[in-house]
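Chains P and A, in that order, are what the protein sequence lines are.
With the first letter of the first sequence counted as 1, position 81 gets the number 81 in this note's numbering; the numbers rise by one all the way through.
Just add 1000 to wherever you are in the second sequence, counting from 1, and you've got this note's numbering.
Simulated from the structure, these hints should not be mistaken for laboratory data.
Accuracy of the hints is not assured; some may be wrong.
[What the hints assert, rightly or not] Derived Cβ-Cβ restraints for the label pairs, each shown as a range: (1) P:Arg20 to A:Lys1072: 29 to 37 Å; (2) A:Gly1063 to P:Leu27: 48 to 56 Å; (3) A:Asn1065 to P:Thr279: 37 to 45 Å; (4) A:Glu1119 to P:Ala205: 40 to 48 Å; (5) P:Ala184 to A:Gly1038: 42 to 50 Å; (6) P:Gly8 to A:Gln1128: 37 to 45 Å; (7) P:Ala11 to A:Ala1217: 32 to 40 Å; (8) P:Ala205 to A:Gly1140: 39 to 47 Å; (9) P:Val199 to A:Ala1217: 30 to 38 Å; (10) P:Ala11 to A:Gly1063: 22 to 30 Å; (11) P:Thr266 to A:Lys1072: 39 to 47 Å; (12) P:Ala184 to A:Gly1140: 29 to 37 Å.
[Claimed, not checked] If you want the footprint, here are the derived chain A segments under chain P, 3+ residues with CB under 8 Å: (13) 1089-1100; (14) 1113-1125; (15) 1203-1212.
Everything numeric in this text was worked out from a predicted model, so none of it was measured.
C-beta atoms are modelled at their ideal positions from N, C-alpha and C, and glycine is treated no differently.
Here's the letter readout for the chains.
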Amino acid sequence: MNVFQALGYFASEAIGNLVRGWRISALAVATTALSLFIGGVLLLAGNNMARAIESWRSDAQIVVYLDNDLTDDEIAILTEELLELPGVDRVIQIGPDQARERFRERFPELGEILLEFERSPFPISLEIEANGDRGAIDEWLAGVSDRPGVSAVDDDAEWLESLDAVASAASAVGLLVGGILMGAAAISIASVVRLSTFVYRKEIAAMRLIGATEFFVRGPFVVEGLVQGLAGSCLALGALWLAFWGLGRLDVPWFVRDALLGSFMTPRQALALLALGGTAGLVGGLIPLRERSGVFG
Amino acid sequence: MIEFFNVSKIYPVNRVALADVTVRIERGQFVVLAGSSGAGKSTFLRLIYRAAVPTAGQIVVNGRNLGSLPSKKVPYLRRTMGVVFQDFSLIERKTVWDNVTFLPKILGVDAKTRRRLAERTLERVGLQRHLDSYPAQLSGGEQQRVAIARALISKPDLVLADEPTGNLDPHLSRGIMHLFSEIHRQGTTILLASHDPELRREFGERLLVLDEGRLVADEELGRRTLSTAGAGLE
């Protein structure tokens, strides 16, 4: 029997085992699918969050709020000083009235608050657009708080860094949880395969008796685990896509959409998820065979 | 063909199954192993197909020392012999055909040759009309014939049978023994464990008697032929 014939035999025996014990097999497939689904959600969230942070980073601004009593000359000197810094592309001055208009546009539901003010309550500000080289800017920002005429500085990079740290922590937790869940899936599959080997122990003994090698005796059980793992990963992939598609149709805040629903997995990531399920199944199929039990060994 | 040199087998808790047995079985003999329950008959056979290893001594089968046989080679040893058990040891969820052709199938024998081998073997045991039956649909005697067909399909030189009639009534037992006799007549060495004195006397050619693991008798019984053995197959 060549390798292809042997694989065909293993597959037919494995599918027969799965059909005969479909309830317990379904449980193992569901465990694998759930593990991979949770892992997939974390992967998707991690990917999209990283992508969103990168995109937000490119739009990030540094805003320097100035005292309203600063003269135009003083503001011009400050602007010039900023433009001379390496890494600064543009400096835009936003006056109090312009700031009030922006606020109205961005938060129309809060526009009524502004009616209570005769004059714009917003300070003059300088919006700095950086090109990524932050060394000189950071140095300038470090000393700016003591400078007369500067009331505050709002640097987007600060909260993006915090968000980045959160995303990294989430990825690490995701990896850990994913690893634990995959371990659980492999153990679940191993239990089902172990049960199969127990149910068919007389057949296994009969096969050995007539001279079947361990390759032929164990092969169907390894394939049984593999099929369960792959079925679980296909199910997880389908559920992930459905969840992604379903959530995409809901009206969710822009930052949730950006951070979680930016894009689905790449084909390579989807294949990796399938491979992960297959590997868990393979490991689950091999575990009982490595044990020196009454059936094997 | 089979040689035991001072073979002992002691199971855990010091249960002696075989004690210092030395014996030689020639090719083509029909040897019956006799003895009460626990005398060591099954252990004697298990050592030959390497389901157990001796605690002491050497066993040589067809010139091959089983003591130096690696575990991975055991399946290849078993393919050179047919083994038949009291409980038939058939694969319950496979048909007669699948049970009998399993070994040729995994050995990669093509379907046409497999069919020829199986048809010939099943005809030999009188089961050519039960190819699609499952073991549970057959009588005990028929199931044992399937087991014998499975043991014979690879044309082994040696057939080991451990109480093959133990689960059968006297009529079916005689049918099975006739079958072994016929197989032996065609040149196959038979080593059969039986506790039935009548069957032993009627069909055996040589009798080995075990008692508490010791070989206490080795007698020539004289060749029996089908013509003198009585009724035909079931």
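These are the hints, each one checked on the structure:
no., hint, in the structure
1, P:Arg20 to A:Lys1072: 29 to 37 Å, "holds, 30 Å"
2, A:Gly1063 to P:Leu27: 48 to 56 Å, "holds, 52 Å"
3, A:Asn1065 to P:Thr279: 37 to 45 Å, "holds, 42 Å"
4, A:Glu1119 to P:Ala205: 40 to 48 Å, "violated, 27 Å"
5, P:Ala184 to A:Gly1038: 42 to 50 Å, "holds, 47 Å"
6, P:Gly8 to A:Gln1128: 37 to 45 Å, "violated, 28 Å"
7, P:Ala11 to A:Ala1217: 32 to 40 Å, "violated, 53 Å"
8, P:Ala205 to A:Gly1140: 39 to 47 Å, "violated, 19 Å"
9, P:Val199 to A:Ala1217: 30 to 38 Å, "violated, 43 Å"
10, P:Ala11 to A:Gly1063: 22 to 30 Å, "violated, 40 Å"
11, P:Thr266 to A:Lys1072: 39 to 47 Å, "holds, 44 Å"
12, P:Ala184 to A:Gly1140: 29 to 37 Å, "violated, 46 Å"
13, 1089-1100, "holds (count 5)"
14, 1113-1125, "violated (count 0)"
15, 1203-1212, "violated (count 0)"
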